[in-house]
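Novice: Here's the letter readout for the chains.
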Amino acid sequence: MSAGQSAGLGLLAVILAALPFVLDNPYHFEIAILVCLNATVCVGLNLLIGYAGQISLGHAGFFALGGYASAILTLSYDWPPLGALAAGALGVAVLAHVVARPILQLKGHYLAMGTLGLGVIISIALNREVELTGGPDGTIVPPFSVLGWMPFESLEWYAITAGLMFVTVWLSLNLIGSPIGRALRALHGSEVAAETLGVNTASHKNLLFVASAVLAAVCGSLYAHFSGFITPTEGAFHHSIELVTMVVLGGMASVFGAVVGAALLTIAPQVLTVFHDYESIVFGAVLMGMMIVLPRGLVPGLVRLVQSVGFGR
Amino acid sequence: MSRLEVEGLVKRFGPFAAIDQLSFVVEPGTIQSIIGPNGAGKTTLFNLVSGLLHPDAGRVCFDGGEITGRPAHRVVRSGIARTFQNVQVFFNMTVLENVMVGGHLACDRRLLPILLRLPGHFASERRCRDRALALLDQVGLAGLGDRPADALPYGALKRLEIARALAAEPKLLMLDEPAAGLNPAETDAIDTLIQEIAARGITVLLVEHDMRLVRGVSDRILVLNRGRRLAAGRWDEIRHNPEVVAAYLGAEGRNR
Ligand SMILES: Nc1ncnc2c1ncn2[C@@H]1O[C@H](COP(=O)(O)OP(=O)(O)OP(=O)(O)O)[C@@H](O)[C@H]1O
Ligand SMILES: [Mg+2]
Chain A
112 MSAGQSAGLG LLAVILAALP FVLDNPYHFE IAILVCLNAT VCVGLNLLIG
162 YAGQISLGHA GFFALGGYAS AILTLSYDWP PLGALAAGAL GVAVLAHVVA
212 RPILQLKGHY LAMGTLGLGV IISIALNREV ELTGGPDGTI VPPFSVLGWM
262 PFESLEWYAI TAGLMFVTVW LSLNLIGSPI GRALRALHGS EVAAETLGVN
312 TASHKNLLFV ASAVLAAVCG SLYAHFSGFI TPTEGAFHHS IELVTMVVLG
362 GMASVFGAVV GAALLTIAPQ VLTVFHDYES IVFGAVLMGM MIVLPRGLVP
412 GLVRLVQSVG FGR
Chain B
49 MSRLEVEGLV KRFGPFAAID QLSFVVEPGT IQSIIGPNGA GKTTLFNLVS
99 GLLHPDAGRV CFDGGEITGR PAHRVVRSGI ARTFQNVQVF FNMTVLENVM
149 VGGHLACDRR LLPILLRLPG HFASERRCRD RALALLDQVG LAGLGDRPAD
199 ALPYGALKRL EIARALAAEP KLLMLDEPAA GLNPAETDAI DTLIQEIAAR
249 GITVLLVEHD MRLVRGVSDR ILVLNRGRRL AAGRWDEIRH NPEVVAAYLG
299 AEGRNR
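Residue numbers (our numbering), protein chains in the order written: chain A, 112 to 424; chain B, 49 to 304.
Just to be clear, a hint being listed does not mean it is correct.
SDA-like cross-link-like pairs, simulated, lysine to any residue; straight-line CA separation at most 25 Å [as the list claims (entries may be wrong)]:
#1 B:219 - A:311
#2 A:218 - B:117
#3 B:219 - B:198
#4 A:218 - B:219
#5 A:218 - B:102
#6 A:218 - B:62
#7 A:218 - B:101
#8 A:218 - B:118
#9 B:219 - A:303
#10 A:218 - B:136
#11 A:218 - B:186
Read the hints as simulated data drawn from the structure, not as lab findings.
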């Protein structure tokens, strides 16, 4: 891990630890919890998109599958929530593994189409399987509990989701700096060169696809329990795009970028409600402006800026 | 035992055979060049040997063992590394990281020690890094390790690819036009580098259009035309061969 990354990790820890003292009502906590969940999904997605260069427009599908697994198994089959979460994660892992090999042979725009198709299929299934999923209206989800213990108020939810995000960031930073992380970036740079140096590019891509899908599924499960409700929109194309936008805005191939992007795009719509009817327009304009000023994304862009000011001899 | 033995190799693209019943051997510790006109099939041959393409017929044996049809990431394990005619540098990484990817197979790649930062892992990383630094030094890129690869000039990229291939600790190094696009001084440096590599016991297979370089370093030369072997031997033996002169060297070859 580089000095900058260690500093970033420390800063993140301080912010996460300080937040509960600043947040003073359940609504603020709710936003913080959603930020943590989105950030966790995005860190995983950024490993896939930003580092390994494999776009996915279907990750909301995995998120929703995790959520629905939790909803259905706890509600209709009386499973304990942790067991349902694990089953959802495992199911998604198997699904992702099965589709990974054919889909990840595709490149560029074709890969985008392939993953998009996957997401659409999941979304249609969730809408149509009314008996199982409740259809377009969605379904309620019982409250979360761990081994029968269930005092899940704002603070506990925050602790869980912030903890999950922090661990995800830490593991990702460790991975990036390792031979496996280098192999992932290498196959992004040149797949043939990576192959001729001994990198099994197919299995590396698959591993990452499965890992990021599982991360999305776990967050989907937690989200479902937290909000007490889940609808097929969580798995819709729109949500996948939102996730990718967070990654791109924060900065491709930047673990902290994914966190910042998720935070901004989760908080911004809440803040922008002051613009009433013009909310979406302002939102779009701000997004465009940011990408024009910092095309590499916020975090890499700002790091560059600081470096050029600080060390610009 | 020959280091590399190619026998009856055929590769077709549609009806057209880019490599057509090609057989040759490369002896250990030698520098062998492959020359021939554009489209003769030189790069295709490299792709077949390194496992990026699969032949339609024929065999490739390395140190006596057959490696025909093995995927590229397995071929390198047996000791074959290569560079690319159109540079395939990892432009999204630093110069040092590029070379470290070359040492991929020698690194500790166990997932758990990596994710949990277990201490044993870092010794392996340090070795990998030190070796990469030494290789950068050897190819003349000392001190540039922390630069992003896309900040290097073209000549340096060619050397970077050589360092990266050497990091895989090959017994056979295949260089696809390492001097293409280089000025005479840079070409001389590549000449020296190739001889140094061979002196360390690494067998070199060189594809190159620069005949001064080829003549200077090669123990043997294989002349390829339309996927077939036209001639083979030392420079003196092939340069007066009328077929070789007609197909490739022209009058230029005779006069050298
Ligand atoms: N993937 C491919 N699909 C179809 N044809 C191909 C493919 N790769 C190579 N060829 C054809 O095979 C022939 C040999 O190409 P190759 O690149 O091996 O030539 P070369 O000897 O390396 O030439 P140069 O000196 O220009 O690099 C050419 O006619 C080329 O057009
Ligand atoms: Mg060629």
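Novice: Which numbered hints turn out to be false for this structure?
Specialist: Going through the list in order, the structure violates hints 3, 4 and 11 and respects the others.
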